[in-house]
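Colleague: So the sequence shown is residues 1 to 480, counted in the working numbering.
Rather than coming from a laboratory, the hints here were simulated on the basis of the structure.
One or more hints might be untrue.
Pair ranges (Cβ atoms, derived) [what the hints assert, rightly or not]: (1) Leu39 with Glu327: 31 to 37 Å; (2) Ser34 with Asp267: 25 to 31 Å; (3) Asp342 with Ser90: 33 to 39 Å; (4) Pro222 with Gly316: 35 to 41 Å; (5) Gly30 with Gly316: 50 to 56 Å; (6) Ile459 with Pro222: 32 to 38 Å; (7) Ile104 with Asp454: 35 to 41 Å; (8) Arg28 with Glu307: 54 to 60 Å; (9) Arg461 with Glu307: 55 to 61 Å.
Every value quoted in this text rests on a predicted model; they were computed, and no experiment measured them.
Think of the CB as a built atom: it goes at the ideal place given N, C-alpha and C, for glycine as much as any other residue.
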Amino acid sequence: MSSRLTAGLFREIERLLGPGGVIADPDRMGTYLSESRGLYRGAAELILLPATTAAASAAVSLCAREGISMVPQGGNTGLVGGAVAQSSASRPEVVLSAQRLNRIRHVDTAGDTITAEAGCVLAQLQAAAEQSDRLFPLSLAAEGSCQLGGNLSTNAGGTAVLRYGSARDLVLGLEVVLPDGRVFDGLRGLRKDNAGYSLRELFLGAEGTLGFITAATCRLFPRPRGSATAFVAVPDPDSALALLAAAREAIGDRLSAFELLSRFALDLALQTLPGSRDPLDRAHPWYLLVEASGPDSAAEIERRLTEFLATQMERGIVEDGSTASSEAQRQAFWNLRHHVSDAQKRIGASIKNDVAVPVASVPSLIRDASARVLEIVPAARIVAFGHVGDGNIHFNVSQPADMDAAAFLQLWQPVTAAVNDVVAALGGTFSAEHGIGLLKTAELERYRGGVELDLMRRIKRALDPANLMNPGKVVGNWDR
Numbered sequence: 001m002s003s004r005l006t007a008g009l010f011r012e013i014e015r016l017l018g019p020g021g022v023i024a025d026p027d028r029m030g031t032y033l034s035e036s037r038g039l040y041r042g043a044a045e046l047i048l049l050p051a052t053t054a055a056a057s058a059a060v061s062l063c064a065r066e067g068i069s070m071v072p073q074g075g076n077t078g079l080v081g082g083a084v085a086q087s088s089a090s091r092p093e094v095v096l097s098a099q100r101l102n103r104i105r106h107v108d109t110a111g112d113t114i115t116a117e118a119g120c121v122l123a124q125l126q127a128a129a130e131q132s133d134r135l136f137p138l139s140l141a142a143e144g145s146c147q148l149g150g151n152l153s154t155n156a157g158g159t160a161v162l163r164y165g166s167a168r169d170l171v172l173g174l175e176v177v178l179p180d181g182r183v184f185d186g187l188r189g190l191r192k193d194n195a196g197y198s199l200r201e202l203f204l205g206a207e208g209t210l211g212f213i214t215a216a217t218c219r220l221f222p223r224p225r226g227s228a229t230a231f232v233a234v235p236d237p238d239s240a241l242a243l244l245a246a247a248r249e250a251i252g253d254r255l256s257a258f259e260l261l262s263r264f265a266l267d268l269a270l271q272t273l274p275g276s277r278d279p280l281d282r283a284h285p286w287y288l289l290v291e292a293s294g295p296d297s298a299a300e301i302e303r304r305l306t307e308f309l310a311t312q313m314e315r316g317i318v319e320d321g322s323t324a325s326s327e328a329q330r331q332a333f334w335n336l337r338h339h340v341s342d343a344q345k346r347i348g349a350s351i352k353n354d355v356a357v358p359v360a361s362v363p364s365l366i367r368d369a370s371a372r373v374l375e376i377v378p379a380a381r382i383v384a385f386g387h388v389g390d391g392n393i394h395f396n397v398s399q400p401a402d403m404d405a406a407a408f409l410q411l412w413q414p415v416t417a418a419v420n421d422v423v424a425a426l427g428g429t430f431s432a433e434h435g436i437g438l439l440k441t442a443e444l445e446r447y448r449g450g451v452e453l454d455l456m457r458r459i460k461r462a463l464d465p466a467n468l469m470n471p472g473k474v475v476g477n478w479d480r
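All chains should be modelled from the sequences, with the hints used to inform the complete structure.
Modeller: Structural data, given as structure tokens:
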């Protein structure tokens, strides 16, 4: 341990957090120190697991008093190093895990809200909402392990942003332990509240740099009575955009998902997902996973979606399609979409870009970024897929089949810069839903420097003048 973490201080932390509240064994600490994508391996003095907000407040107050940095962590499913501790002799760090803050505090069916602690797994919230005949719409591939606090700290997006918005749009109130240990109690389930600044917005997307989220009050929605899902083929991204516009007009707010996959992305999933099969009889260059849901019966929504797609086939926008005839077939469609990222690991190293542009610019993004990347790596295998309905495309680049992985990863910076320059020229963002963390601090300075980054650093200084809460993340060396 660091010289600042004396035996006496360790005993005081154990007393504050109680049985099961501290992990000091290096073997048990391991899962809290490595990121899921393998880009970062961290180091920490201890893992702290408070079970109540009061315990979290006490632990943070103690760390602040002793000058020990804290790294808030949820389910540790992040992809940019935002929850990785970097303890050193000069700056000891502890991981502040939300794992034991895992209670659903209240479901209000009259106000359509759910109040839950930060360590609740996303699937747990979805199930609690369903038990009350409601919908909590945030949905991610990692929903079986990611936690609410991490979702809110990174402003997670997922597949339902088109209809319900990102995590930020689902939050009405927050409870946060500030870097000095005080508790901001903003757990209000109000739809209207103009009493000063909207302080909760500071912590949503801040990646734990301004405080440790311990609980949230989130919006719920009526649970759809029926849904229909279709897997359709289109000739190109321009046709996908045309289909989206037509779907919005014909289906309206019942359109809940609109996911784009290239043929190469689908092939990867088919090759590596056991038991999977091609949804259509022949190959096409591009695909869309389209879902509609609402208060109508499943038969009515399926009829509307099927008639709509038939009309678009007559117009030549859709080349082929299949509507799920059962929940098993629907899950099979979604499994293909969710498996693309994991499938990339099977073919070697990847340079992944989580970007977003105005929806109208999605075809230009795919076309122009592909051209720029292939100038740098002529045999690169481009895996483009994602949430075309909100402009968020995962533009991933896999190593050429005959290229050494290490040599390919040496090109990370020029490949990433080429993609991000295209995104910036189109008025987009280099970080759509994964956050900044450690990985993208240089990009934040390059593309959001000047007044915007200065304001972020001023907020950081105001709330965390000692730079103890997740130091080095997001705003980087903010105190230089």
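Colleague: Evaluate each hint against the coordinates.
Modeller: Evaluation of the provided hints:
no.: 1; hint: Leu39 with Glu327: 31 to 37 Å; result: 36 Å, holds
no.: 2; hint: Ser34 with Asp267: 25 to 31 Å; result: 30 Å, holds
no.: 3; hint: Asp342 with Ser90: 33 to 39 Å; result: 38 Å, holds
no.: 4; hint: Pro222 with Gly316: 35 to 41 Å; result: 36 Å, holds
no.: 5; hint: Gly30 with Gly316: 50 to 56 Å; result: 55 Å, holds
no.: 6; hint: Ile459 with Pro222: 32 to 38 Å; result: 36 Å, holds
no.: 7; hint: Ile104 with Asp454: 35 to 41 Å; result: 40 Å, holds
no.: 8; hint: Arg28 with Glu307: 54 to 60 Å; result: 56 Å, holds
no.: 9; hint: Arg461 with Glu307: 55 to 61 Å; result: 57 Å, holds
Violated hints are absent here; each numbered hint is respected by the structure.
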